[in-house]
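**Student:** Sequence:
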Amino acid sequence: MFRLVKAAVCDHLLHSVSRTRKNVASQRCRGGYALEVHLESSSSGVSQEHQQVSLSLDVSAFTELTQLGLLMGGAVLLGLYVLIVFELVHRTLAAMLAATAAIACLALIGDRPSLAKVMSWLDVETLSLLFGMMVLVAILCETGFFDYAAVVAFRVARGRVWPLVTTLCATTALVSAFLDNVTTILLMTPATIK
Numbered sequence: 021m022f023r024l025v026k027a028a029v030c031d032h033l034l035h036s037v038s039r040t041r042k043n044v045a046s047q048r049c050r051g052g053y054a055l056e057v058h059l060e061s062s063s064s065g066v067s068q069e070h071q072q073v074s075l076s077l078d079v080s081a082f083t084e085l086t087q088l089g090l091l092m093g094g095a096v097l098l099g100l101y102v103l104i105v106f107e108l109v110h111r112t113l114a115a116m117l118a119a120t121a122a123i124a125c126l127a128l129i130g131d132r133p134s135l136a137k138v139m140s141w142l143d144v145e146t147l148s149l150l151f152g153m154m155v156l157v158a159i160l161c162e163t164g165f166f167d168y169a170a171v172v173a174f175r176v177a178r179g180r181v182w183p184l185v186t187t188l189c190a191t192t193a194l195v196s197a198f199l200d201n202v203t204t205i206l207l208m209t210p211a212t213i214k
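Residue numbering for the sequence shown follows my numbering, starting at 21 and increasing by one per position.
These are computed hints drawn from the structure, not numbers from a lab. Fair warning: there could be bad hints in the mix.
Here are the computed distance ranges between Cβ atoms for each label pair [as the list claims (entries may be wrong)]:
#1 Ile205 / Glu84: 38 to 44 Å
#2 Ile129 / Phe151: 45 to 51 Å
#3 Ile205 / Thr83: 24 to 30 Å
#4 Thr186 / Gly164: 22 to 28 Å
#5 Asp131 / Phe165: 44 to 50 Å
#6 Leu135 / Ala158: 38 to 44 Å
#7 Arg178 / Ala115: 39 to 45 Å
#8 Ile205 / Pro183: 19 to 25 Å
#9 Met154 / Thr120: 19 to 25 Å
#10 Glu162 / Leu184: 23 to 29 Å
#11 Leu91 / Leu135: 25 to 31 Å
#12 Thr83 / Leu184: 52 to 58 Å
#13 Arg178 / Thr120: 51 to 57 Å
The structure displayed is predicted, hence computed values, not measured ones. We treat Cβ as the ideally placed atom computed from N, Cα and C, and that holds for glycine.
Please build the complete structure, drawing on both the sequences and the hints.
**Tutor:** Next comes the structure, spelled out in C-alpha cells:
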C-alpha cells in the first residue's frame, strides 16, 4: 500500500495499525511524506480492519521556477529573432549566442546539463543530411544546372508568369514526393531565384 500523506496523518496511520505487523519500506519528504507500508494478516488468517485516510493535495504544474524558465526561454527566442531579423550579427553567430544563453538560463534555474547531455541534443542525421544537400546544391550551382532548369521552365511557360508559377509548383510537388521538405527547399530555391 503506497500513501502520500502529511506528517500528522503518517503518525495516525502508524498508531492505528499497531496490532498488525508493518514494514515501513521508504519514507521521503518533498512537500509531504511518501510512506510505503506493507500490512500482513495475523497468524489466524483473518485480515485486520483497514482505515481509510482522507488526503488533500494541491498540485501546481507551473511553479515559480517553471514560470521563470518559460520567461527566460521566451526572452532568448525573442532575442534570437531580433538578431536575425535586423541582421545585427551573422545568423550563425546569432544562433550560437542564443544556444549559449539558453544553456546559461538552464544553469540559472538549477538544471545544469552536462556536456554529454548537450551533445545528445544534436540530431546528427539531420545535420549530416543538410550539410550534404548544401554541398550538392553548391556543386549544381557551379555546373549551371539551375540556370538550365530556369531556362527550360521559361520555355515551357512560353514567357508567361502564371504557367511559370504552375510549372514551378508542379516541379516542387514532384520533388517533395521523394525528398523531405528541407531538401526540397534547398533544391528549389536556386531554381526559383534564377
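**Student:** Are the hints correct? Go through all of them and say.
**Tutor:** Structure-based check of each hint:
For the pair Ile205 and Glu84, the beta carbons lie near 41 Å from each other, so the given range of 38 to 44 Å is met. One distance hint, 45 to 51 Å for the beta-carbon pair Ile129 and Phe151, is violated here, with the actual separation near 33 Å. For Ile205 and Thr83, the Cβ-Cβ distance of about 40 Å falls outside the hinted range of 24 to 30 Å, so the restraint is violated. With their beta carbons about 24 Å apart, Thr186 and Gly164 fall inside the hinted range of 22 to 28 Å.
Between Asp131 and Phe165 the Cβ separation comes to about 48 Å, which falls inside the hinted range of 44 to 50 Å. The hinted range of 38 to 44 Å is not satisfied by Leu135 and Ala158, whose Cβ atoms lie roughly 32 Å apart. Between Arg178 and Ala115 the Cβ separation comes to about 43 Å, which falls inside the hinted range of 39 to 45 Å. Taken as a hint, the range 19 to 25 Å holds for the pair Ile205 and Pro183, whose Cβ atoms sit roughly 22 Å apart.
Range check, Met154 to Thr120: Cβ separation about 24 Å, and the 19 to 25 Å hint holds. Separated by about 25 Å at the C-beta atoms, Glu162 and Leu184 satisfy the suggested range of 23 to 29 Å. A beta carbon spacing of about 26 Å between Leu91 and Leu135 agrees with the range 25 to 31 Å that was offered as a hint. As the Cβ distance of Thr83 to Leu184 is approximately 56 Å, the hint placing it in 52 to 58 Å holds.
Roughly 53 Å separates the CB atoms of Arg178 and Thr120, a value that falls within the hinted 51 to 57 Å.
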